[in-house]
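Chains as they are written, first to last, in the numbering used here: chain A, 1 to 642; chain B, 1 to 161.
Source of the hints: derived by calculation from the structure; they are not laboratory data. These numbers were taken from a predicted model, which means no experiment stands behind them. Some hints could be false.
Each pair of labels, with its calculated beta carbon distance range [unchecked claim]:
no.: 1; chain 1: A; residue 1: ALA373; chain 2: B; residue 2: GLU159; range: 25 to 33 Å
no.: 2; chain 1: B; residue 1: GLU117; chain 2: A; residue 2: VAL482; range: 33 to 41 Å
no.: 3; chain 1: B; residue 1: HIS110; chain 2: A; residue 2: LEU126; range: 52 to 60 Å
no.: 4; chain 1: A; residue 1: SER446; chain 2: B; residue 2: VAL114; range: 35 to 43 Å
In silico DSSO-like cross-links for lysine-lysine, where the CA-CA straight-line distance does not exceed 30 Å [to be verified]:
no.: 5; chain 1: B; residue 1: LYS55; chain 2: A; residue 2: LYS478
no.: 6; chain 1: A; residue 1: LYS478; chain 2: B; residue 2: LYS88
no.: 7; chain 1: B; residue 1: LYS55; chain 2: A; residue 2: LYS413
no.: 8; chain 1: A; residue 1: LYS84; chain 2: A; residue 2: LYS136
no.: 9; chain 1: A; residue 1: LYS125; chain 2: A; residue 2: LYS136
One side of the interface only, derived from the structure: several residues of chain A facing chain B at Cβ under 7 Å [stated by the list, open to error]:
no.: 10; residue: ARG419
no.: 11; residue: PRO422
no.: 12; residue: LEU427
no.: 13; residue: VAL428
no.: 14; residue: SER430
no.: 15; residue: VAL431
no.: 16; residue: ASP432
no.: 17; residue: LEU436
no.: 18; residue: GLY563
Ideal Cβ placement from N, Cα and C applies to all residues, glycine included.
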Amino acid sequence: MNLLWILFLWPGLNANPSAPATVAPTGELVSDLETHLTIGFPLVSRSLAPALPAAICALESGGFALLTQRPARLRFLSSAGALKEESWPLPDLFASPRGIQQLRRGHFIIIDRAGHVGEIDRQGKLVRMLPGPEGKWQAGALSRAPRGVGWLVTDLLHGKLHHLDPDGNVQQSWSGFIEPTGVCSVGDHIWVSDRGWHRLIRFDPRSQQPDPQQGIGDHGAAPGLLASPMGLCAVEDQFLWVSDRDNHRVQFFSGRGFSMHQFGIHSMLPREALGRLHYPTAVAYDEQAAVAAVIEPSERRVQLFGVRDPEVPVAAAELWQRVDLVSHYGRFWAIQPGGRLLVVSEPDSERVSLLVRDLEIPFELDDVGGPGAAPARFRTPMGVDFLPGNDPSRWVVADRGNQRLQMFQVAWKQQPPLRREPALVQLVRSVDMALLVQQHSSWQSSVPPRLAALACGEGGIIAVADDANQRILLLDRKFRPVGQFEAAGLLQEATAISADGSGFLVADAIGGSLLRFEQGQPQPEVIDGDCRMPVGVDRHPDGSIWYTNGANHSLLRIPPEGGEAETILAGGGTGERQLFRPRAVRIDEDGSVWVLDHGNHRGVVIDQNGALRHFGSEPYLPDGGVRMRQLKLQQQKLQEQR
Amino acid sequence: MTDFDSDNSESSESPGCIILGLVIFSLLTGLLMLLFFVGCQAPPAAVVPQGPGWKSWTSADGTYEVMLYIPDPAPLNQEFTAHGTVFKDGDPISEAVEVVFDGGMPQHAHGLAVPVETIRRPAGGFAAAGVRFHMGGRWLLTVDIIEGPHLERARGWVEIR
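Could you put the whole structure together from the sequences, leaning on the hints where they help?
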């Protein structure tokens, strides 16, 4: 009953003169809205492992169609949670699907990360290719255009949105986005979710240009705020669901931009489902069945949510409470060679953390960042590494959304007691890489740089991956251009880079290879051309090469003399010798190996003697962590005393 | 009875008028010579301001010297203009270089209550009007110097009581 009152009061509460007029609520709409606002009851969780769910859409006949990656397949899921056993392989060009929409004749329009648009039938067979935007682009999301006339696709390389006609020809384009990760149409308006702005950008394509400054939301965890908004899904052409990825929830917004409802909360236990979400990237909604399907690539699963009994109170843990977007151990970290410091890139909170690493639980001295474009802030911090031979210690961060590099230093006196010191970290310098690329003739490209992995080598040479142009840019300590590495056909994406003497080791997850680049050499040395999905790499002082494999959650070692890689850690889990979606690996001068176990929100250290140490999020530690051990010891002592 | 006025009037056509003309001519010639020499000389060496309220910082990578003035003692909750000069290799920075002054209290996770705009002044100068420290304590002041794609930061602490 309260929901009915909220509904009728809503237009008055949300009075916004610039907002479009909405349809007066009818009895049917009241009933439907009441239903939407009670979605959140966990129905079922379906694992797709080892495949990653990549895109989902609701079917007109009910249920859902979803696309997976590795392997790229089309699958069907009923609203009751039955996952059809048959799955159909996608055409070869669609190895990394990013969006799916159903056509009236039962076929589907799909897009691929590499910029392909095509029509497939229900068995995944290619019916026709559609032209799509010209030139190089990277598909981010797909949706129906307003009034169902054609399609909307986002381009992550150029920060653009394109309106395609039903045959895939570009009709209109809009720019000004940083990272348009989701799109949908609600009424006559287009909505774009932008991971760079952490906002929903709404505009009327007939009369307006998208203006991110007027976007809805901002970075944060309170209702209505967003942290990496991703996939969008229109509801009744009046509302929309938003995958609020880094808040581990799904939010329901009105057509006027007000957050009305949400469900999901970060998993408390590893791999936990039952209503807990972990980095949801897309949502689809079966309106007839009132079932929302949410895909979570990080957990390789899809969860279905239905209507809650409104008379049953929601469990306290699922109600919103102030949540800081704290350390999650992002994809990149760096250790101070021979020193005590560790820096961790934290895209969830748009920060970089500085820790003292030679403690059982590393201690956070300070962090730097916050969302935004001002100096020392970040929009998706990526690769990070210490500059060799600097006092005070300096490190460089690739700030992807702002297209810049930033260098920081810390003049930390290694004196006890350890204490957190705000502003201990100082910004030294930054460089606008988009502008630098324009100014430097041999770097010029048609696509702006998209920075990712980074490493600092001998002589202070900084190597940063430019994923948009399949190359690695080289700069000196003052951020002046000194060269670049390119290898057509060999280098597809420098997923991880590490310094290796006078050269650099590169892990290419897309190409499935390990390469070694050296300045002055035209082609890289191929260390391993068939290692599936290497996502982290470094050289051990004994000459061996260690790399993490994202495809099977493992850490491997290639002996100094070469040959077959030896598996050191493996298996997707939280066990002592397991990893889950590992990323960076860094090896200290003393031979200790530091593995960033990203999917487990923890770090794993293998010391010179092979002993293992874990730190990070306690539920993800093998035995619950130090505090849990201490608690158990205390309990044992108490029992003995009694 | 002496008619001074008429005397004076008569004297205007006397040799005294010629002397006055010569004096004016000499002065004008001297002024022209002075301007000529000044014009031919190199710009004067940058004057490094000193005294109460002036702070001298080196940017984090040592590229720039920043002379910053804020009143000493800096006032609490009153607006003032922070201004200064930036030098590079001993010379004032060019007009094309952008300078951005800002401040904040990291311990309290806030910046200036009202953001300020920094304008450039000639000879490497800059000024930010409307700076107000709205709270007592340690403030971290920053000066960002932006040349093309490159930004370098100078910073320092002030204690506001």
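Here's how the hints hold up against the structure:
1. A C-beta distance of roughly 30 Å is found between A/ALA373 and B/GLU159, which places it inside the suggested range of 25 to 33 Å.
2. At about 36 Å, the CB distance of B/GLU117 to A/VAL482 agrees with the hint of 33 to 41 Å.
3. Restraint check, B/HIS110 to A/LEU126: a C-beta distance of roughly 56 Å satisfies the suggested window 52 to 60 Å.
4. Distance hint for A/SER446 and B/VAL114: a CB-CB separation of about 42 Å, consistent with the stated range 35 to 43 Å.
5. For a cut-off of 30 Å, the pair hint linking B/LYS55 to A/LYS478 stands: about 25 Å separates their Cα positions.
6. Under the criterion of a C-alpha separation no larger than 30 Å, the hint pairing A/LYS478 with B/LYS88 is consistent with the structure, at around 15 Å.
7. Restraint check for B/LYS55 and A/LYS413: the C-alpha separation of about 25 Å stays at or below 30 Å, so the hint holds.
8. Proximity of A/LYS84 to A/LYS136 is assessed by CA-CA distance (about 36 Å); at most 30 Å being required, the pair is judged violated.
9. Our distance criterion of 30 Å between C-alpha atoms is met by A/LYS125 and A/LYS136, whose separation comes to about 25 Å.
10. At about 12 Å, the closest approach between the beta carbon of A/ARG419 and any beta carbon in chain B exceeds 7 Å, and the interface hint on this residue is violated.
11. For A/PRO422, the shortest C-beta to C-beta distance to chain B is roughly 4 Å, which falls under 7 Å, so the interface hint holds.
12. A least Cβ separation of about 5 Å between A/LEU427 and chain B falls short of the 7 Å threshold, and the interface hint therefore holds.
13. Taking 7 Å as the C-beta cut-off, the interface hint given for A/VAL428 holds, the closest approach to chain B being about 4 Å.
14. With 7 Å as the threshold, the beta carbon of A/SER430 comes within range of chain B, its nearest partner Cβ sitting at about 5 Å, so the hint holds.
15. A least Cβ separation of about 5 Å between A/VAL431 and chain B falls short of the 7 Å threshold, and the interface hint therefore holds.
16. A cut of 7 Å between beta carbons decides the hint on A/ASP432: the least distance to chain B is about 4 Å, and the hint holds.
17. Because the beta carbon of A/LEU436 sits about 4 Å from the nearest beta carbon in chain B, less than 7 Å, this interface hint is met.
18. The interface hint given for A/GLY563 is broken, as the beta carbon of that residue sits about 45 Å from the closest beta carbon of chain B, more than 7 Å.
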